[in-house]
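Q: Here's the letter readout for the chains.
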Amino acid sequence: MEETLVDIDFKEKEEYIINMGPQHPSTHGVLRFETCLQGEKVKYIIPHCGYIHRGIEKMSESLTYPQLLHLTDRMDYLSAHINNEAVALCVENAMEVEVSDRVKYIRTILAELSRIASHQLWWSAFGMDLGALTTFFYGLRDREKILDIFEETTGSRLIQSFITPGGLMADIHPNFQRRVKEFITYFRKKLPEYDQLLTGNVIFRERTMGIGYMSKEDAIDFAVTGPSGRGSGFQCDVRKIAPYSAYPFVQFNEITYTEGDTYHRYLVRMKEMWESLNILEQLVDNIPQGEIMLNLKAIKAPKGEYYQRVETARGELGVYIVSDGAPSPARIKYRSPNFSNLFIINKISANHKIADLVAISGSLDLVIPDIDR
Amino acid sequence: MYDFSPFIDSINSFFTSNFSPFWASVLLMLLLGVAILAFYAVLGLYLVYAERKICARMQNRIGPNRVGPLGLFQTIADLIKLLLKELIYIRNADGFLFNIAPFIVIVASIMAIGSIPFAKGLQAIDLNIGVLYILAISSMGVIGVLIAGWASNSKYSVIGAMRSGAQVISYELSVGLSLLCMIVFAGSMQLSDIITSQQDGWWLFKGHIPAFIAFVIYLIAGTAETNRGPFDLAEAESELTAGFHTEYSGIKFAFFFLAEYMNMFIIAAVATTIFLGGWLPFHIYNFTAFNTVMDYIPPVFWFFGKTAFIIYVMMWFKWTFPRLRIDQLLALEWKYLLPINLLNLVLISFLTLMKWHF
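Just so you know, the protein sequences line up as chains A and B, in that order. All letters in the first sequence, in the order written, are residues 1448 to 1820 by my numbering. All letters in the second sequence, in the order written, are residues -11 to 346 by my numbering.
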């Protein structure tokens, strides 16, 4: 990278550089794309992150495991449950305890619900990036239903901190199963509406097909995981590769496309919503009885190094804990999906129009606080 | 039945009989100017209100509903807010051009309003080249947009302005050609003549399929000319934040905003006048009872009803379609609309020559 940096400094004097961000409607947060343009065409992009760096990893070193869990919500706030689950699983593995099947089922249901909610919000915002403003309200209308379910059971809507090492904070609300089932039937009816509004639209297809091509090799080189990687044929679904929680008990398909353009990254997410509904349907009626919280005297990982990965709505989230046996980790590192997914953007949007850059960055589905942590 | 000419004439004669010819014309001009400005402001504000309500309906929302009954005074409150807001001075901006740009945009649309026939006799000026005048004046607005983008000294604004320039100049051709098609039918460029030529049926119905093609092309090109979605590349909120008016604040921004809505009104009004019979009522051939009832509805209502319908269609476009990309936008015009339009013009000339239209 050093070479190119020198190169760019020299070029900056004569080239048309615009800064998209830190405050810009299309970056969905405080991310800055230093974009070099030639007319409407993008020559190169340098993503600058760090505007919302909160030092979560460093802070975690002085917190106990149940405490640091609350910080993980604030990374990828759209899949808060899944982030919690990652830390919880890692700590449980370290302590060599296993939670009951009931906890596993509930964790998976919550994770799939957050995946749907996250994809709904992504769909809304992606439409808006392309100028179709109505999608935003359709997506949020349906997301509201999921947030209501979360609110009833966990007490909060966005960042729940519900899944903790050793189990769950509380049992599910008596309405939980009924409302999830209601949501499944409701959303099965609403999903075709999404396709009618956006997927089938001629302008939308023209705007996304063949734009931002990412080959499978690129996806692997840049470690692009999640739906963005699967759009290029990179089979990277952790739920399949290394099943955790209740995923071994359910049947579902890993959605992959080989085309690797913006449109197929879009399709992966649309299909994943259907798949998540299937997973929910298989689980929601079969939640077994069991204890909600293991009776652990003290939550501390024995001396050693532990790694656990889970599939969030955006890709593979890894938690790496180095423990010296104390109640708080000696070092904790998150392998966040967005940080890895971000840096492909220069490669796939060079030589496209500036409007395509917005579409491409939308199709990577970046959540900025997760990039910086 | 509803003819405004006696009313207009009585105002005219009141001034000419009571004042010297010079003062009479000065006062008349003043009266007209105030009337048009008031009409412009009120209509502009309520178009904004209408858009907010309509898009709210399309998006499962309620829309403005707090200020006044049904939120009717919301946009007026917004205007007052914009009037009172500080005008931010941009460092290194070209002060003179920066300040004059919103006026060019708004003056262009006010001038175009002047020649639109709202009802029989209710037209500020009935030029014998009315269509040409409206085309010429309404395309002046893009100069203001270009100046605004250039003078703001902002990179986003320049891109927005250049997009707007490319877009308006391209789509001006399609607007002009599709209007030309109808001028061939009507045989006149005077707006009142075009309306009277539709006494026995609107051109949309009389002109067979070519007139319909011209109408559709006019609607598409007209939407593009007003820089509205799905052709709102000049503003392109998600790419260029706000395009050419990124740096404007307060009332200068309001000028751009109002002008956008009034341009939409002008496009719809011209479509009404030329394709849908202007203020003429809807008639069904040989259905006298129905026709008599329709005649009782005042022409002003007919005019605004038809215009409102077209405006609704344009808003419908905006709130359901994603935005095009600049190369797709230009390809649509130069590769599809323009050739179709030229063919259409030949076809219409042929139809008119053979007197095959109704």
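Quick caveat, the hints were computed from the structure, so don't treat them as lab data. Treat the hints with care, since some could be wrong.
[What the hints assert, rightly or not] Below are the DMTMM-like pairs computed for lysine to aspartate or glutamate, each with C-alpha atoms no more than 25 angstroms apart in a straight line:
#1 Lys143(B) x Glu1591(A)
#2 Lys1637(A) x Asp1665(A)
#3 Lys323(B) x Glu1653(A)
#4 Lys41(B) x Glu1481(A)
#5 Lys143(B) x Glu1481(A)
#6 Lys143(B) x Asp1732(A)
#7 Lys1488(A) x Asp315(B)
#8 Lys1687(A) x Glu1653(A)
#9 Lys323(B) x Glu1487(A)
Computed from a prediction, not measured in an experiment: that's the story for all the values here.
Q: Hint by hint, work out which the structure violates, then give me just those numbers in ascending order.
A: 1, 2, 4, 6 and 8
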